[in-house]
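Enquirer: The chain contents come next:
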Amino acid sequence: MSEPTAQEAGHPVFPAPPQQQEMPLAVVKGQPVLQMPQDLYIPPDALEVFLEAFEGPLDLLLYLIRRQNLDILDIPVAEITRQYVDYIGVMQDLRFELAAEYLVMAAILAEIKSRMLLPRPPAEEGHEADPRAELVRRLQEYERFKKAAEDLDQLDRLDRDTALAAAHVPDRSVAKVPPPVDLREMLLALREVLKRAELYTHHAIRREALSVRQRMGEVLSRLSDRQFHGFETLFTPEEGRLGVVVTFLSILELAKEQLIEIVQEAPLAPIYVKSLAAAANDDEGEPALPEPTSDGADAPND
Amino acid sequence: MDPNLIRHIVEAALLAAPQPQTLAQLAGLFPEDEQAPPGAIEQAIAELREGCADRGVELVEVASGFRFQVKAEVHAWVARLWTERQAKYTRATLETLALIAYRQPITRGEIEQIRGVAVNTNTIKQLEEREWIRVVGHRDVPGKPALFGTTKAFLDYFGLKSLDELPPLAELKDIPELEPQLPFDITPPGIASATLSHDEAGEEHAAPEQTQ
Amino acid sequence: MDPNLIRHIVEAALLAAPQPQTLAQLAGLFPEDEQAPPGAIEQAIAELREGCADRGVELVEVASGFRFQVKAEVHAWVARLWTERQAKYTRATLETLALIAYRQPITRGEIEQIRGVAVNTNTIKQLEEREWIRVVGHRDVPGKPALFGTTKAFLDYFGLKSLDELPPLAELKDIPELEPQLPFDITPPGIASATLSHDEAGEEHAAPEQTQ
Chain F
174 MSEPTAQEAG HPVFPAPPQQ QEMPLAVVKG QPVLQMPQDL YIPPDALEVF LEAFEGPLDL
234 LLYLIRRQNL DILDIPVAEI TRQYVDYIGV MQDLRFELAA EYLVMAAILA EIKSRMLLPR
294 PPAEEGHEAD PRAELVRRLQ EYERFKKAAE DLDQLDRLDR DTALAAAHVP DRSVAKVPPP
354 VDLREMLLAL REVLKRAELY THHAIRREAL SVRQRMGEVL SRLSDRQFHG FETLFTPEEG
414 RLGVVVTFLS ILELAKEQLI EIVQEAPLAP IYVKSLAAAA NDDEGEPALP EPTSDGADAP
474 ND
Chain D
7 MDPNLIRHIV EAALLAAPQP QTLAQLAGLF PEDEQAPPGA IEQAIAELRE GCADRGVELV
67 EVASGFRFQV KAEVHAWVAR LWTERQAKYT RATLETLALI AYRQPITRGE IEQIRGVAVN
127 TNTIKQLEER EWIRVVGHRD VPGKPALFGT TKAFLDYFGL KSLDELPPLA ELKDIPELEP
187 QLPFDITPPG IASATLSHDE AGEEHAAPEQ TQ
Chain E
7 MDPNLIRHIV EAALLAAPQP QTLAQLAGLF PEDEQAPPGA IEQAIAELRE GCADRGVELV
67 EVASGFRFQV KAEVHAWVAR LWTERQAKYT RATLETLALI AYRQPITRGE IEQIRGVAVN
127 TNTIKQLEER EWIRVVGHRD VPGKPALFGT TKAFLDYFGL KSLDELPPLA ELKDIPELEP
187 QLPFDITPPG IASATLSHDE AGEEHAAPEQ TQ
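Residue numbers (the numbering used here), protein chains in the order written: chain F, 174 to 475; chain D, 7 to 218; chain E, 7 to 218.
Some hints could be false.
[Said to hold, decoys possible] Dumping the calculated DSSO-like pairs for lysine-lysine here, alpha-carbon to alpha-carbon at most 30 Å:
id	chain 1	residue 1	chain 2	residue 2
1	D	Lys-77	E	Lys-94
2	E	Lys-158	E	Lys-94
3	F	Lys-349	D	Lys-94
4	E	Lys-77	E	Lys-94
5	D	Lys-158	F	Lys-447
6	E	Lys-77	F	Lys-429
7	F	Lys-429	D	Lys-77
8	F	Lys-429	F	Lys-368
9	E	Lys-94	E	Lys-131
10	D	Lys-77	F	Lys-368
11	D	Lys-167	F	Lys-429
12	D	Lys-77	F	Lys-447
13	E	Lys-131	E	Lys-167
14	F	Lys-320	F	Lys-349
15	D	Lys-167	F	Lys-349
16	D	Lys-158	D	Lys-131
17	E	Lys-77	E	Lys-167
18	E	Lys-131	F	Lys-429
19	F	Lys-349	D	Lys-158
20	F	Lys-429	D	Lys-131
21	E	Lys-167	F	Lys-320
22	E	Lys-77	E	Lys-158
23	F	Lys-320	D	Lys-131
24	E	Lys-150	E	Lys-131
25	E	Lys-131	F	Lys-320
26	D	Lys-94	D	Lys-167
27	E	Lys-167	E	Lys-94
28	D	Lys-158	F	Lys-368
29	F	Lys-349	D	Lys-131
30	F	Lys-447	D	Lys-131
31	D	Lys-94	F	Lys-429
32	D	Lys-167	D	Lys-131
33	F	Lys-320	E	Lys-158
34	E	Lys-158	E	Lys-131
35	E	Lys-131	F	Lys-349
36	D	Lys-167	F	Lys-447
Derived from the structure by calculation, the hints contain no laboratory data.
One chain only, chain F, in its complex shape:
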């Protein structure tokens, strides 16, 4: 028996919990330890503190391994088990669900211990995993995230390390954004109108050069001061021949619709144009508009 487990054959060699001493709460391998907790032996009256100080049995085991150099192999299983069972009575007043996990850990340790003590069947020699492997893996895994939690806590975070900068906004009125309109939507709406218009009216809307319509509005705007303007001044030669023609057509159309007046005092004399549709009522806005119904009756000469 040269197995490492053989070394522990003589236990329990662990000293009893040192309740006779005042400060050290436990003694590990003969060394009194002042910090809480010292090893798996938890004095019942310290149990509550103990449970709060550690995040669970893995945390405790890690602590013991890293700080106390506890050899997991050197755990007196029988003693631990006996003590844990004793705790059950104490824990009834405490958070039992937390304590249960420590009991589970004790069971795991006991199981490891017992598996290591048992002789292995020769056939499985070399195949059976070390019973501690799973525990070690879990300890390592837990340690990573314990460290990650500490790193996370070190990050600059709002409220603790920084604060949002904000300026006052004197006017919090909500801006209204008009809806988007698809050109095709508008065209389709128009088509519907035209379909209905054909039902209601005898005159269909003719195809028109829209640039003339646009120019009509522009000419009217330029004439909005109700003054006579030189006929030539309405043209912009830079637009080229087509632009001149469009302007000319729009003037003819405006004249036909009696929206402008064209004056020539004598043959070959200068021609003047004046708006009959001047924006005289512009400033008066809505109230100046006639009733919609009478308005509708106003334009039969279309």
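Dock chains D and E against the given chain F, drawing on the hints supplied.
Expert: Chains D and E in isolation, oriented as in the chain F frame:
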């Protein structure tokens, strides 16, 4: 104590505090054993105020203390943080807009004549507020009705150089394949008139005879 | 459009907005017909960032966009504005959060498996109420346990642009007392190997004693 540090502290505190801060409150940020020298906070405030010349916020003093606030000149943009999308335009609005685009200059009465229903005042106002239509004059008939035309903003919005780029009316009638591509509901022609009456809440039906 | 005006608008908007703003959101402050030129907002951000060198605040980018925040070096003073506001988080909360952050999506059972203790319902609730974590799905196993992931608010709170910026997860550390005796080079058969291979995926099957 470094005046720059004091200025940084005052600036950060004014930007972090939910309320305006008085000089006394600002002085209270410094621990007793490391008070800001007398006048240092006033000095920091003065410097911060000047430093706002080329910034989007300004440091102002109000009844309850000092605060940074958004400058009025950029408010129009900042206000868009709290935007509210208006509801989609109704069919009535789109029809009115289309008629103004294709038949300008046109009066409201003429639009009503073609549509067969009265045009809600809000419809016109909506389009005017969007600056897509404007009054280009008044027809010289009794009542002097306003003549509406479209604007450059209208052309810009739809990416048109001129109205000529709108499809001709004749073409419009012959493009049924337009329909399947449209993302919105197309009312089947059969029930179109019935549905249209619900388009706009305040829209009264004009008697069809009126348009003859 | 004047670059200074754009910078003022961006600065004012970032200080006026209750949340960090993305480049797209900032671009949305400009109306359709007067968009900021391409790259202008990025330029404004860069200038504002530089302009913070001699100020008490800084412009940072976090997961949900850009924001101004108090510089860490003056925060100690600014923090006196609030008497007791700094929530301290317990180790249980931080460990749970770290597991969700690094191992998401992860179930509560998987967290418990790694931590070796039950996760308090309040811990999860607290993290959910802070909107640092959320349920991102359910694992397709009996009981359909919820899978948790972190949110943008979590990244924002910790001043991170993405999960990539989390501190790297530590390497597995050797357990010195045990390691030399452990035959890790021998492939452990049976349950042990199955469990070990699930190292990264989060393990469902624990030792039977572990599960509640």
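Enquirer: Against each hint, give a clear statement of whether it holds in the structure.
Expert: Okay, the hints, checked on the actual structure:
For the given pair, Lys-77 of chain D sits about 37 Å from Lys-94 of chain E by alpha-carbon distance, which is inconsistent with the 30 Å threshold. Proposed proximity of Lys-158 of chain E and Lys-94 of chain E is supported: the alpha carbons are some 21 Å apart, at most 30 Å. The suggested pairing of Lys-349 of chain F with Lys-94 of chain D holds, with an alpha-carbon distance near 12 Å, which does not exceed 30 Å. A threshold of 30 Å between alpha carbons decides the hint, and for Lys-77 of chain E with Lys-94 of chain E the separation of about 20 Å falls inside it, so the pair holds.
With a CA separation close to 24 Å, the supplied pair Lys-158 of chain D and Lys-447 of chain F stays within the 30 Å bound. As the CA atoms of Lys-77 of chain E and Lys-429 of chain F are separated by approximately 73 Å, the hinted pair breaks the 30 Å bound. For the hint linking Lys-429 of chain F to Lys-77 of chain D, the alpha-carbon distance of about 53 Å lies beyond 30 Å, and the restraint is violated. Between the alpha carbons of Lys-429 of chain F and Lys-368 of chain F the distance comes to roughly 27 Å, so the proposed pair stays at or under 30 Å and holds.
Restraint check for Lys-94 of chain E and Lys-131 of chain E: the C-alpha separation of about 16 Å stays at or below 30 Å, so the hint holds. The hinted pair formed by Lys-77 of chain D and Lys-368 of chain F fails the criterion: a straight-line CA distance of about 52 Å is larger than 30 Å. For a cut-off of 30 Å, the pair hint linking Lys-167 of chain D to Lys-429 of chain F stands: about 27 Å separates their Cα positions. For the hint linking Lys-77 of chain D to Lys-447 of chain F, the alpha-carbon distance of about 47 Å lies beyond 30 Å, and the restraint is violated.
Taking the CA atoms of Lys-131 of chain E and Lys-167 of chain E, the gap is near 24 Å; set against the 30 Å cutoff, the hint holds. Our distance criterion of 30 Å between C-alpha atoms is broken by Lys-320 of chain F and Lys-349 of chain F, whose separation comes to about 50 Å. Under the criterion of a C-alpha separation no larger than 30 Å, the hint pairing Lys-167 of chain D with Lys-349 of chain F is consistent with the structure, at around 27 Å. Between the alpha carbons of Lys-158 of chain D and Lys-131 of chain D the distance comes to roughly 17 Å, so the proposed pair stays at or under 30 Å and holds.
Among the hinted pairs, Lys-77 of chain E with Lys-167 of chain E is consistent with the structure: their alpha-carbon atoms are about 17 Å apart, no more than 30 Å. The suggested pairing of Lys-131 of chain E with Lys-429 of chain F is violated, with an alpha-carbon distance near 78 Å, which exceeds 30 Å. At roughly 21 Å between alpha-carbon atoms, Lys-349 of chain F and Lys-158 of chain D fall within 30 Å of each other, so this suggested pair holds. Taking the CA atoms of Lys-429 of chain F and Lys-131 of chain D, the gap is near 29 Å; set against the 30 Å cutoff, the hint holds.
Our distance criterion of 30 Å between C-alpha atoms is met by Lys-167 of chain E and Lys-320 of chain F, whose separation comes to about 21 Å. Among the hinted pairs, Lys-77 of chain E with Lys-158 of chain E is consistent with the structure: their alpha-carbon atoms are about 21 Å apart, no more than 30 Å. For a cut-off of 30 Å, the pair hint linking Lys-320 of chain F to Lys-131 of chain D is broken: about 65 Å separates their Cα positions. Distance restraint check for Lys-150 of chain E and Lys-131 of chain E: the Cα-Cα separation of roughly 18 Å lies within the 30 Å cut-off, and the hinted pair is therefore satisfied.
Taken as a hint, the Lys-131 of chain E and Lys-320 of chain F pair is honoured in the structure, with Cα atoms around 23 Å apart against an allowance of 30 Å. Restraint check for Lys-94 of chain D and Lys-167 of chain D: the C-alpha separation of about 25 Å stays at or below 30 Å, so the hint holds. With a C-alpha separation of about 23 Å, the suggested pair Lys-167 of chain E and Lys-94 of chain E falls inside the 30 Å cut-off, and the hint holds. Distance hint between Lys-158 of chain D and Lys-368 of chain F is fulfilled; the C-alpha atoms sit about 28 Å from each other, no more than 30 Å.
Our distance criterion of 30 Å between C-alpha atoms is met by Lys-349 of chain F and Lys-131 of chain D, whose separation comes to about 15 Å. As the CA atoms of Lys-447 of chain F and Lys-131 of chain D are separated by approximately 28 Å, the hinted pair is consistent with the 30 Å bound. In summary, the hint linking Lys-94 of chain D to Lys-429 of chain F is not supported, as the alpha carbons are separated by about 38 Å, beyond the 30 Å threshold. Of the pairs offered as hints, the one joining Lys-167 of chain D and Lys-131 of chain D holds, with about 25 Å between alpha carbons and a cut-off of 30 Å not exceeded.
With a C-alpha separation of about 23 Å, the suggested pairing of Lys-320 of chain F with Lys-158 of chain E holds against the 30 Å cut-off. Restraint check: the Cα-Cα separation between Lys-158 of chain E and Lys-131 of chain E comes to about 17 Å, which is no more than 30 Å; the hinted pair holds. Between Lys-131 of chain E and Lys-349 of chain F the CA atoms are separated by roughly 38 Å; this puts the pair beyond 30 Å, and the hint is violated. At most 30 Å may separate the alpha-carbon atoms for a hinted pair to count; Lys-167 of chain D and Lys-447 of chain F meet this at roughly 28 Å.
Consistency with the previously given hints fails for numbers 1, 6, 7, 10, 12, 14, 18, 23, 31, 35, ordered from lowest to highest.
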